[in-house]
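Heads up: the sequence lines are chains A and B, in that order.
Numbering-wise, the numbering used here puts 140 at position 140 of the first sequence, and it's gapless, one number per residue.
Each number in the numbering used here corresponds to the 1-based position in the second sequence with 1000 added.
Think of the hints as simulated: they come from the structure by calculation, not from any bench.
Each residue gets a CB set at the ideal place from its N, CA and C atoms; glycine is no exception.
One or more of the hints may lead you astray.
Unchecked claim - Chain A residues, not near chain B, derived (Cβ > 12 Å throughout): (1) Ser53; (2) Ile276; (3) Arg375.
As the list claims (entries may be wrong) - Within a straight-line C-alpha distance of at most 30 Å, the following computed DSSO-like cross-link-like pairs (lysine-lysine) qualify: (4) Lys370(A) - Lys1005(B); (5) Lys370(A) - Lys1095(B); (6) Lys370(A) - Lys1125(B); (7) Lys1090(B) - Lys1047(B); (8) Lys1125(B) - Lys1095(B); (9) Lys1125(B) - Lys1090(B); (10) Lys1095(B) - Lys1047(B); (11) Lys1047(B) - Lys1125(B); (12) Lys1145(B) - Lys1005(B).
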Amino acid sequence: MTFEPADRVDQVPPSGIRRFFELAEEMDDIISLGVGEPDFSTPWSAREAAIASLEQGKTSYTANRGKRELRERIADDVAERYGLDYDPDEEILVTTGASEGVDLAFRALLNPGDQVAVSQPCYVSYKPGVTFAGADVIDVPTRVADDFKLTREVLEDSGAAEADALIFCYPNNPTGATMTEAELRPVAEFAREHDLLVFADEIYSELSYEHDHTSIATLPGMRERTVVFNGFSKAYAMTGLRLGYALAPPEAITAMNRIHQYTMLSAPTTPQYAAIEALDNCESELREMREQYDRRRQLVLSRFDEMGLDCFTAKGAFYAFPECPWDDVDAFAEALLEAKRVAVVPGSAFGVGGDGHLRVSYATGMSDLKTAMDRIESFLADQ
Amino acid sequence: MSNRKDVLAVLRENARQSNADIARQTGLTEPEVERIVDELESEGVVKGYTAIVDWEAVEEGDEPVRATVELNVTLDRETNYIDIADRIAKFPQVKSLRLISGDYDFDMEVEGDSMSEVSHFVSDKIAPIPEITQTVTHYIMESYKEQGIEFGDGNDDDRLSISP
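Using the sequences and the accompanying hints, generate a full structural model.
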């Protein structure tokens, strides 16, 4: 008897960013634009609420679905921000990061052999998650010509009409693309026509700089077929606290909670106190972080433009996704790291459609960001 | 108007940036930024630019002595707060002067080369002003945060260098 990975684990390749991570970790004094999380710390009042809860000994499990107080706040918050209407008792599940929610939804709602259209480039966990659930991936590569928005055309071209479900994320990691309500409408129409479940990862919803975020669940006929994932990591810089939530009709949440109650029991307690405080009192910090990201975004896009690096106008999250001037993107990223000590991530790590591009995160302080831009410019000039 | 607000926000974060960098962050052109900064300065919206210094970190012993001084005043028909403030604010030793609510009237920050210089300044120049009824001087012993900037070692970025 030996430890052999189960087939569904064996099928999943190791993370594409792993090798690059190891290269970068070995070097000192690099400026990393390869980080997929905020550079800010969690707003202090949220941290203090977490500390206070610890001092008061509030360290037991919470309800499986999360503290009721938190679910009520979430319901109010998503209603106010996005016009979403979810019942805190039946339709909200607090999860250990939005990632857990995605995994739960796949496992609770997909059957072996089901097909999931995965809009790409995308966050690295969707495709493995589909595989772990025993379902199959249909690759849906969005195109730079569409500014990496999901369109009816790419859905049709990739055979998504045959799918049972569709997953996408806007504002998008890794491209920084966003979608307006008008642009979401044809996607919603497609989902209704082909009776698809929709998994909408909206973790970056608060980081949309040129238009308000629209949740696809607010479009006609979508609420009943959509699971929305969101959380506190990106908006409130709480990545390490691991707290997210899923919004969906009662049948979906009940099914997801059936796995969650046995495997996770409840999301961690301390962050739930931080999250309540974040929703109650951290709006001004959220606004300040968003303004800073936006200034950095504009700086990065301007600098790329000036140095002749083609890049579509990313309008959300904290990423720009320029075209790589070399055919071999991995080689470019490695050479940039070696020569100039700036880390970026090859777009190919984020699935089909990402090749030929670089993910540049601007979740980095302004002065480092400027230095990194200078270094990239001088690297390009050296070629 | 919102362009002015954008430029002001960038200046408040770090005034020591080139007009080109301010332009890149705000979507304005460099000449537009130059014009807006000129306007902000000439209209007196932006009064000046200064460095925020952590004197603890300065090696040479030229750390200034600083004190906040509570001032109580009495007003009469001919004298109002502005009249008194104008007289006090003229002294270069006075770094800030604010009218505040509460137990006393003015909150004055004074800077000097030594404690005796500061205390002499308060007793010789401020206390004798006829409207001033009381002064209470608090010497600043240590500064932990100034103008929104925290002192100390700061937080190292302990994020993974690459993450999804």
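> When you check the alpha-carbon spacing of Lys370(A) and Lys1125(B), does it fall within 30 Å?
Replying inline: violated, 48 Å
> Does Lys1145(B) pair with Lys1005(B) here, judged by a C-alpha cut-off of 30 Å?
Replying inline: OK: Lys1145(B) and Lys1005(B) at ~25 Å, within 30 Å.
> For the pair supplied as a hint, Lys1125(B) and Lys1095(B), is the alpha-carbon distance within the 30 Å limit?
Replying inline: It holds: about 15 Å lies between the C-alpha atoms, which stays within 30 Å.
> Are all C-beta atoms of chain B more than 12 Å from that of Arg375(A)?
Replying inline: holds, 15 Å
> Going straight from one Cα to the other, do Lys370(A) and Lys1005(B) come out at no more than 30 Å?
Replying inline: holds, 22 Å
>> For Lys370(A) and Lys1095(B), compute the direct alpha-carbon distance and say whether it is at most 30 Å.
In response: violated, 33 Å
>> Just want to verify: Ser53(A) was marked as not at the interface with chain B; is every Cβ pair farther apart than 12 Å?
In response: For Ser53(A), whose nearest Cβ neighbour in chain B is about 22 Å away, the distance exceeds 12 Å, so it holds.
>> At 12 Å, judged by beta carbons, does Ile276(A) keep clear of chain B as stated?
In response: Since the minimum Cβ distance to chain B is about 24 Å, Ile276(A) lies beyond 12 Å and the statement holds.
>> Hinted pair, alpha-carbon criterion (30 Å max): Lys1125(B), Lys1090(B). Please report holds or violated.
In response: holds, 11 Å
> Is the straight-line distance between the alpha-carbon of Lys1047(B) and that of Lys1125(B) 30 Å or less?
Replying inline: Holds, at about 26 Å.
> Is the straight-line distance between the alpha-carbon of Lys1090(B) and that of Lys1047(B) 30 Å or less?
Replying inline: OK: Lys1090(B) and Lys1047(B) at ~15 Å, within 30 Å.
>> Just to be careful, I want the Cα atoms of Lys1095(B) and Lys1047(B) compared with a cutoff of 30 Å; is the pair within it?
In response: holds, 13 Å
The structure fails hints 5, 6 (numbered hints given earlier, in ascending order).
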